[in-house]
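First residue of the sequence shown? That's 1 in my numbering, and the numbers climb one at a time after it.
No lab work stands behind these hints, which were simulated from the structure alone. Keep in mind the model is a prediction, meaning the values are calculated, not measured. Just so you know, not all the hints are guaranteed correct.
[Claimed, not checked] Keeping only pairs whose Cα atoms sit at most 25 Å apart, straight-line, the calculated DSS-like set for lysine-lysine is: (1) LYS282 / LYS122; (2) LYS417 / LYS222; (3) LYS59 / LYS231; (4) LYS122 / LYS79; (5) LYS77 / LYS122; (6) LYS371 / LYS357; (7) LYS215 / LYS231; (8) LYS371 / LYS417; (9) LYS282 / LYS77.
[Said to hold, decoys possible] DEER-style ranges, computed between Cβ atoms: (10) ILE204 / GLN350: 50 to 58 Å; (11) LEU375 / THR170: 23 to 31 Å; (12) GLN10 / ASN81: 41 to 49 Å; (13) GLN350 / LEU324: 37 to 45 Å.
Idealized CB from N, CA, C, for every residue including glycine.
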Amino acid sequence: MIPPEEPQHQSMLTNEQIQLKSHDIQAIHRQWWNQFGDQQLTQLIQLGLTNNLTLQQAKQRIALASQQVALAESGDKPKLNLNVSGGGIGANTQSFNTSNADYSAIGMLLPSFSYQFDFWGKNEATITAASDQKLSLQAQEAQARLVISASIASSYFALQNNYRLEQNLTTLLDEINHQNKVITAQVKRGLASEAESFQNQGDIDTLSAQLSDAKAQQQLAKNQLALYLAKTPDQLGQLTLPNAQAINQLAAVDTIPMNLLGRRPDIIASKWMVEANEQGIKQAKAAYYPDVNLMVMGVFQKLSSMNPASLFLGGATVAASLPLYDGGVRDANYASANIHFDQAVTNYNQTVLNAVKQTSDAIVSLQEAQKQQVLAQSSVAHYQQAYDILNNRYERGLSSFADMNSARMQWHQQVVKATNTESAILQNQLQLIVALGGDYQQEQSVLASTPSNNE
1 MIPPEEPQHQ SMLTNEQIQL KSHDIQAIHR QWWNQFGDQQ LTQLIQLGLT NNLTLQQAKQ
61 RIALASQQVA LAESGDKPKL NLNVSGGGIG ANTQSFNTSN ADYSAIGMLL PSFSYQFDFW
121 GKNEATITAA SDQKLSLQAQ EAQARLVISA SIASSYFALQ NNYRLEQNLT TLLDEINHQN
181 KVITAQVKRG LASEAESFQN QGDIDTLSAQ LSDAKAQQQL AKNQLALYLA KTPDQLGQLT
241 LPNAQAINQL AAVDTIPMNL LGRRPDIIAS KWMVEANEQG IKQAKAAYYP DVNLMVMGVF
301 QKLSSMNPAS LFLGGATVAA SLPLYDGGVR DANYASANIH FDQAVTNYNQ TVLNAVKQTS
361 DAIVSLQEAQ KQQVLAQSSV AHYQQAYDIL NNRYERGLSS FADMNSARMQ WHQQVVKATN
421 TESAILQNQL QLIVALGGDY QQEQSVLAST PSNNE
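Start from the sequences and build out the full structure, keeping to the hints where you can.
What follows is the structure, encoded as structure tokens:
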């Protein structure tokens, strides 16, 4: 039978279609987490990449895929079998009396050899599809490694931010608590009103609540780190004070690079699934052609006391089988294979568009975070100057407590914002690293066999 005409398929997006810039990114190094300059972060990520259960599951899926490749390859190899049997027979040519029968032991060997000719490429397509699925799973594992390492870094940056917030809040609380003692004494002597005392105590309560929240967020970040490392929070142990620094080279990234489609493991994984489903079409098409099999068999028989004492029979056959009518099974399988291919292409294109958006968002967010950091630092300096002036006036009795305290709290708010912008820089740099595929590099063998539909 002749297979139906192959339908028109969707095409995969190319660099030209999504208008990527013709430049490469060199700012992200191998083991990019080292660029943040925090040895403890490096140790946590390395531990997570070793212990994380999600990554172990990914490795198990690759191991299963390897066996599927071996199974597919076995279908294209010859089969050799040997059946051995033995027993005994008796014969009496004069009567049915078994007491005078002649008995003989019998042994039989039945060797056989078979091979299926792959004239139509069905076996080859099966092997290639299994190999492509394994390559896709390997890229998925790389994506999982990227996500896990980035998640560890994100939780670590959150921990660092809340540690610094705790330091700022503790310093300010110590100052206000000291101020509260002075105000309390002044109220007793009639030199200050109770309103000032109530206002100061309200500030203490507000800052204490913020401090408590910062400590709670620290513990939540540690709990998340423990999960990524396949540990319980108690097993995580004591951590030193985080001190990750922003990566200066990433500040210069302002456009999406041309090699984005080759940098991201999720795109490569989708690409290999397109190739695997293309092989599925070839398999379905080959079902319309006859299967041709070669079989060679032999029979060797040995009798102990009868003639002929030995007997050998041998033969070879070439057989072809072709179902003439199967109720539409092959047509349905062929149509399904084409649909699966289009689904894989659609998934690839969607993955590419998501990657472009994610990268563009990361660039915009990082640039804005950098602007916010500059403005926040300037704001801190200005509010500190205002507070210093009003505090000096207050100490000299030239300004009210309310004016001084308002300036102090506004300065504190700007310090918190500046601390958060520093963390935002780290988090947005991390998102840009993920959007650009981290340090994922394809093996040369994979590069040499890029799926044809990418052209």
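Hint check results:
{"no.": "1", "hint": "LYS282 / LYS122", "result": "holds, 7 Å"}
{"no.": "2", "hint": "LYS417 / LYS222", "result": "holds, 23 Å"}
{"no.": "3", "hint": "LYS59 / LYS231", "result": "holds, 19 Å"}
{"no.": "4", "hint": "LYS122 / LYS79", "result": "holds, 18 Å"}
{"no.": "5", "hint": "LYS77 / LYS122", "result": "holds, 13 Å"}
{"no.": "6", "hint": "LYS371 / LYS357", "result": "holds, 21 Å"}
{"no.": "7", "hint": "LYS215 / LYS231", "result": "holds, 21 Å"}
{"no.": "8", "hint": "LYS371 / LYS417", "result": "holds, 13 Å"}
{"no.": "9", "hint": "LYS282 / LYS77", "result": "holds, 19 Å"}
{"no.": "10", "hint": "ILE204 / GLN350: 50 to 58 Å", "result": "holds, 53 Å"}
{"no.": "11", "hint": "LEU375 / THR170: 23 to 31 Å", "result": "holds, 26 Å"}
{"no.": "12", "hint": "GLN10 / ASN81: 41 to 49 Å", "result": "holds, 46 Å"}
{"no.": "13", "hint": "GLN350 / LEU324: 37 to 45 Å", "result": "holds, 41 Å"}
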